[in-house]
Amino acid sequence: MTWDEMAPLLWEATWQTGVMVGWAAVFTVLLGLPLGVALVVFDRGGLRPLPVLKSILGVIVNVGRSLPFIVLMIAIIPFTRLVVGTTIGTAAVVVPLTVGAVPFFARLVETALREVDRDVIQAAQAMGAGRGAVVWKVLLPEALPGIVAGVTVTVVALIGYTAMAGTIGGGGLGDLAIRYGYQRFETAVMIVTVVVLIVIVQIMQSLGDLLARRLSHK
Amino acid sequence: MIQVSGLRKSYGGTVALDGVDLNVRQGEVYGVVGQSGAGKSTLLRCVNLLERPSAGTVTVAGQDLTALRGKDLNRARQRIGMIHQHFALLSSRTVAGNVSFPLEVMGVPRAERRRRVGELLDLVGLGGRGGDHPHQLSGGQKQRVGIARALAGNPSVLLSDEATSALDPGTTQSILALLRRLNAELGLTILLITHEMDVVKSICDSVAIMSGGRVEESGPIGDLIRTPGSRLTREIFPLPDPAPAGSVTLTFTGDPRQPLVSEAVRKFDVDVSILGGSIEDLAGGSVGRLRVAFSGEQVPAALTYLRERGLLVETS
Ligand SMILES: Nc1ncnc2c1ncn2[C@@H]1O[C@H](COP(=O)(O)OP(=O)(O)O)[C@@H](O)[C@H]1O
Ligand SMILES: [Mg+2]
Chain B
1 MTWDEMAPLL WEATWQTGVM VGWAAVFTVL LGLPLGVALV VFDRGGLRPL PVLKSILGVI
61 VNVGRSLPFI VLMIAIIPFT RLVVGTTIGT AAVVVPLTVG AVPFFARLVE TALREVDRDV
121 IQAAQAMGAG RGAVVWKVLL PEALPGIVAG VTVTVVALIG YTAMAGTIGG GGLGDLAIRY
181 GYQRFETAVM IVTVVVLIVI VQIMQSLGDL LARRLSHK
Chain Y
1 MIQVSGLRKS YGGTVALDGV DLNVRQGEVY GVVGQSGAGK STLLRCVNLL ERPSAGTVTV
61 AGQDLTALRG KDLNRARQRI GMIHQHFALL SSRTVAGNVS FPLEVMGVPR AERRRRVGEL
121 LDLVGLGGRG GDHPHQLSGG QKQRVGIARA LAGNPSVLLS DEATSALDPG TTQSILALLR
181 RLNAELGLTI LLITHEMDVV KSICDSVAIM SGGRVEESGP IGDLIRTPGS RLTREIFPLP
241 DPAPAGSVTL TFTGDPRQPL VSEAVRKFDV DVSILGGSIE DLAGGSVGRL RVAFSGEQVP
301 AALTYLRERG LLVETS
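Residue numbers (UniProt numbering), protein chains in the order written: chain B, 1 to 218; chain Y, 1 to 316.
Isolated chain B, as found in the complex:
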């Protein structure tokens, strides 16, 4: 296959990967951030100790994290149909990607929030800050560099997950590599795709690191 033949395929696949990862990342942050906050706030020594609820959330998160993505993707097909009305195509991939990444990201958020200095939290409480103020004005801003680092790791993991999206017709770079590189023995396509993936991951990681460093005032 010539470069001229390959280029449009590559563009399309990159775009598809970008769309899948982008939307999945947005939904993952929207859902995973509150879940991560809940894991910390409802914990035993937390702002609002509800150990039973925290344990239930913890189990759900662990189950989500222990399922291999490919299994999860198949297993939640009925749910996917319910949410987006179809089980194939890019939109249908965003659902399992999000479901797979939310528990992962929530744990990263939990870790970042636990890094926040206890003294600072208590100082805020001593100034009369209620739970909401502690979460919004202390926990989240203080943990922001760590949360950004968590988003970066999650985006890179999502890029990996999308390789399996071809199975349900989502397209993308992983799908391109499998269809051309593996099934049609187009080694060149395989190599170029892998290189593109590596470059994208590098760029994402560097941007994430840069942003996290910019936000950190330690």
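Since the hints were derived computationally from the structure, they do not count as laboratory data. Do not take every clue at face value.
[Said to hold, decoys possible] Pairwise CB distance ranges, derived in the manner of DEER restraints:
{"#": "1", "chain 1": "B", "residue 1": "Gly18", "chain 2": "Y", "residue 2": "Ser174", "range": "50 to 60 Å"}
{"#": "2", "chain 1": "Y", "residue 1": "Asp198", "chain 2": "B", "residue 2": "Asp119", "range": "19 to 29 Å"}
{"#": "3", "chain 1": "B", "residue 1": "Asp119", "chain 2": "Y", "residue 2": "Thr227", "range": "34 to 44 Å"}
{"#": "4", "chain 1": "Y", "residue 1": "His195", "chain 2": "B", "residue 2": "Pro49", "range": "29 to 39 Å"}
{"#": "5", "chain 1": "B", "residue 1": "Gly18", "chain 2": "Y", "residue 2": "Gly37", "range": "27 to 37 Å"}
{"#": "6", "chain 1": "Y", "residue 1": "Arg8", "chain 2": "B", "residue 2": "Arg65", "range": "52 to 62 Å"}
{"#": "7", "chain 1": "B", "residue 1": "Leu211", "chain 2": "Y", "residue 2": "Ser10", "range": "45 to 55 Å"}
{"#": "8", "chain 1": "Y", "residue 1": "Gln26", "chain 2": "B", "residue 2": "Leu50", "range": "34 to 44 Å"}
{"#": "9", "chain 1": "B", "residue 1": "Leu67", "chain 2": "Y", "residue 2": "Ser174", "range": "56 to 66 Å"}
{"#": "10", "chain 1": "B", "residue 1": "Glu115", "chain 2": "Y", "residue 2": "Gly118", "range": "31 to 41 Å"}
{"#": "11", "chain 1": "B", "residue 1": "Ile203", "chain 2": "Y", "residue 2": "Ser10", "range": "52 to 62 Å"}
{"#": "12", "chain 1": "Y", "residue 1": "Ala61", "chain 2": "B", "residue 2": "Ile60", "range": "41 to 51 Å"}
[What the hints assert, rightly or not] Listed below are several chain Y residues computed to face chain B (Cβ distance under 10 Å; list not exhaustive):
{"#": "13", "residue": "Ala88"}
{"#": "14", "residue": "Ser262"}
{"#": "15", "residue": "Val265"}
Virtual Cβ for every residue (Gly too), placed ideally from N, Cα, C.
Dock chain Y with the ligands against the given chain B, drawing on the hints supplied.
Coordinates of chain Y with the ligands only, in the frame set by chain B:
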């Protein structure tokens, strides 16, 4: 201003506070000293209910805090400032942002906040540093930010948990001087805990000595100094403890240049040998403590004379 009575706090099996009573008067600097693990931090954290006592009551400015919960407690806390050993500043905010934090919590409008933050930073000597982040400041400057932040709500009471323990001696003195000034200028009542006797010496009017979750002795420093066998006196003065048999320890709180001992020597024809002693400058004035051995026929009369002249005479 702060009344603590019958305060108990236990964590599982460990008893951190075992019945503590404290009475901090309006406008005084009150120090709580004691070794690590004595329960000082627990006591302080019970005063603003960061820790809910297992038993006992805490009254600040006439309000029983132990009876409050939720929003009412939060509102009461806004009138109690607190500073911390490791400053506890928000690294995500600038200096001005940190000082603004309690004002935001109180719902002060933005323009008013900005004006107030400027005033507070000037008050602690950090005018112009509002845009810096805490990591750009020295330890002493960070504590000044902590103090400005603690004063934002015009508190009647300031609580200090080892506020100078992480600072070098020079910086410690400048922070203590600032606290003294705020105490004098704003009439701020300060309750501070420390394990350093020097802090007590330089700024406290009253003191409580804690050990094993109990207050061993407490009261105005002058009163304690005049009490025989006071632990505070023994802690403050670097004399060997216990005193050797036959020695006499004299504590004098008046003008140290009064030649009382030599008068006694002349009047009663006794000999005196000096075993040790020093003069310490306390917040309420200087206090001297001298350990001597008298010999001669009229030693009892000499001691009575010294007692009559206002000296605390302890024999052993
Ligand atoms: N949150 C806690 N959980 C369990 N034990 C505690 C806690 N806080 C303090 N303690 C215990 O209470 C005692 C007094 O501690 P603390 O008030 O910090 O003493 P100090 O400030 O005088 O060093 C210590 O034995 C300490 O281990
Ligand atoms: Mg302590």
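When the structure is checked against the list of hints, which entries are broken? Sort them ascending.
The structure conflicts with hints 5, 6, 14, 15, although it agrees with all the remaining ones.
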